[in-house]
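Trainee: Sequence:
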Amino acid sequence: MGATRVRLLEGAPTTYEPLLSWVEEVAELTQPERIHWVDGSEAEFRQLTDELVAAGTLTRLNPEIFPNSFAAFSDPADVARVEEQTFICSRNERDAGFTNNWMDPAEMKVKLKGLFDGAMRGRTMYVIPFVMGHLDAEDPKFGVEITDSAYVVASMRIMARIGTDVLKKIEQTGAFFVPALHSVGAPLQPGQEDVSWPCNPEKWIVHFPEERSIWSYGSGYGGNALLGKKCYALRIASVMARDEGWLAEHMLILKLTSPQKKSYHVAAAFPSACGKTNLALLDPTIEGWKVETLGDDITWMRFGKEGELRAVNPEAGLFGVAPGTGWGTNPNAMRAIAKGNSIFTNVALTDDGGVWWEGMTEEVPAHLTDWQGNEWTPQISAENGGRPAAHPNSRFCTPIDQIDMLADDYFAPDGVEVNAILFGGRRKTTVPLVTQSRDWAQGIFYGATLSSETTAAAAGAVGVVRRDPMAMLPFIGYDAGDYLSHWVNLSAKANPARLPKIFLVNWFRRTREGGFAWPGFGDNSRVLKWAIERIEGKADAVETPIGFVPTPESLDVRGLDMSAEEVNEAVRFDADEWRAELPSLEEWFDRFGGSLPESITAQLEGLKERLG
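Residue 280 in our numbering sits at position 280 of the sequence shown, with consecutive numbering throughout.
Worth flagging that the hints you see were computed from the coordinates, not collected in a lab. Note that the structure is predicted; figures quoted are calculated from it, not measured. There's no promise every hint is true.
[Claimed, not checked] No more than 35 Å apart at the CA atoms, straight line, and that leaves these computed lysine-lysine pairs for DSBU-like:
| no. | residue 1 | residue 2 |
| --- | --- | --- |
| 1 | 493 | 262 |
| 2 | 262 | 168 |
| 3 | 169 | 493 |
| 4 | 501 | 538 |
| 5 | 339 | 305 |
| 6 | 493 | 261 |
| 7 | 339 | 529 |
| 8 | 538 | 261 |
Assemble the whole structure, with the sequences as input and the hints as a guide.
Mentor: Shown next as structure tokens:
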């Protein structure tokens with residue numbers, strides 16, 4: 001390595017050889033102007049955000065409305081996950097499975113090294129040590145993200161525990177860390193002026209599961225660039241979990257306390273647009289019941305010393321979809337956001353220096369600046385086919401400890417015992433409001449067949465049933481059949497009496513007239529209450545071929561304007577609808593090939609028999 005490179009590494013705050021040699025290797029490849037080791041301090045955050053404001057990347061918001069908060073606006077070609085350019089490069093193609101894109105790792109490395117060659121010229125290379133979960137957990141999981149984006153550093157400071165303390169712990173324990181390399185792919189020539197949102201038309205989000213590494217090129221946006229999020233916490237962590245005997249899942253965690261002051265923890269998996277964040281931050285409508293949250297997106301679960309399943313949220317922030325999050329639908333999220341210390345991306349700006357997005361307030365502002373910098377009024381929107389002010393995938397990035405209803409349990413280093421797991425999709429028919437599985441094996445079958453009907457927001461036909469196993473379809477870091485087998489095999493580690501009970505829920509069932517059969521939102525607490533009472537052996541149910549559904553009397557609907565017939569409509573099991581579902585289930589499982597676990601096949605056969 002030449003004298004310039006040595007100069008770059010001078011003053012590094014560590015002597016940890018595995019980290020130094022990786023930073024040196026990346027610096028040699030990407031040729032940055034300078035290296036900054038991120039310490040995670042308030043002063044550093046101030047300096048970075050000041051620089052980003054000066055560069056036009058961030059707009060400082062009115063401190064009286066959103067203290068210490070900023071809005072960012074991305075390139076219109078860099079606004080979402082790029083699933084078609086997301087790869088799992090396992091050594092064997094079979095290990096990536098049918099749900100992932102695959103390329104030979106050696107071939108991919110050649111391609112990526114070509115792209116990263118000189119990719120950080122003229123830019124600062126930031127080194128971000130981070131930990132997923134708690135620094136004092138029994139088995140903390142570390143990562144180091146190298147990036148040339150200060151926006152990524154500022155956002156990672158909200159989303160994970162980063163900086164000096166993490167670096168010290170890595171050194172003291174000689175820990176393994178996941179190397180996560182990111183570049184926006186926009187090198188600067190001497191004297192070249194930068195743009196406010198640098199990115200590259202060519203984008204690659206690549207995971208090497210065997211070496212536990214991540215390479216991301218070309219995008220500065222969201223989970224493509226904040227590599228602790230989906231890339232590490234789900235795709236790489238799911239592989240680590242398979243090898244080490246735990247679960248990395250796309251789930252919320254909430255704590256439910258009964259009027260008798262008995263507490264339960266519920267983990268729940270929902271595909272996007274199925275009410276996940278609203279459930280995580282639920283305001284219950286039944287008297288005496290209290291809901292607190294531990295997380296809205298990712299849950300890591302492992303078996304404890306007594307064979308109980310324990311869960312932690314490995315993240316420190318919320319990276320939520322803004323549209324649809326509002327004072328009417330999710331006041332708990334809005335209260336957290338209103339405290340400030342947030343970074344918003346691709347939302348609209350109000351004339352008084354605040355932000356707005358569709359669904360935030362009932363009243364639509366008379367005048368806004370939209371996410372692309374254009375003037376926006378309701379009339380301009382109507383004249384342009386209802387053009388929204390905020391991008392449909394615009395985001396808020398907010399510290400989780402600003403949530404008033406955050407459970408103290410969130411801070412427990414080794415997590416909480418999970419008493420129930422919910423799998424929920426979006427179906428107009430077939431799937432009742434709530435069904436309890438007979439056992440763990442049938443519960444995994446629920447997760448394996450989880451489905452949603454496409455909405456107008458998705459490309460393609462509306463109303464098509466899409467399967468999304470455990471809501472993990474875009475995030476399983478290995479073969480999907482092996483993933484289901486891992487769920488099946490893990491229960492061998494459990495104390496059978498302590499295994500969580502599994503429920504399938506559907507807030508979106510329609511009546512014959514086309515309206516929603518269930519009011520949803522805060523009233524979903526009534527379904528949670530029924531699930532807890534099933535665990536306690538108190539609530540009645542009817543056994544059906546798909547599991548146990550509530551008797552209309554066993555659901556607490558006090559205060560709801562619902563007749564017994566209407567409750568029955570929400571919870572009823574319809575054998576004909578399920579017989580019609582069977583071909584679609586068979587077609588789905590055919591896609592798994594030989595890796596589908598026998599127990600899942602047995603569940604399908606059992607369902608067919610019970611349906612006669």
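Trainee: Evaluate each hint against the coordinates.
Mentor: To see whether the hints hold, each was checked on the structure:
no.: 1; hint: 493 / 262; result: holds, 26 Å
no.: 2; hint: 262 / 168; result: violated, 39 Å
no.: 3; hint: 169 / 493; result: holds, 30 Å
no.: 4; hint: 501 / 538; result: holds, 14 Å
no.: 5; hint: 339 / 305; result: violated, 39 Å
no.: 6; hint: 493 / 261; result: holds, 30 Å
no.: 7; hint: 339 / 529; result: holds, 31 Å
no.: 8; hint: 538 / 261; result: holds, 16 Å
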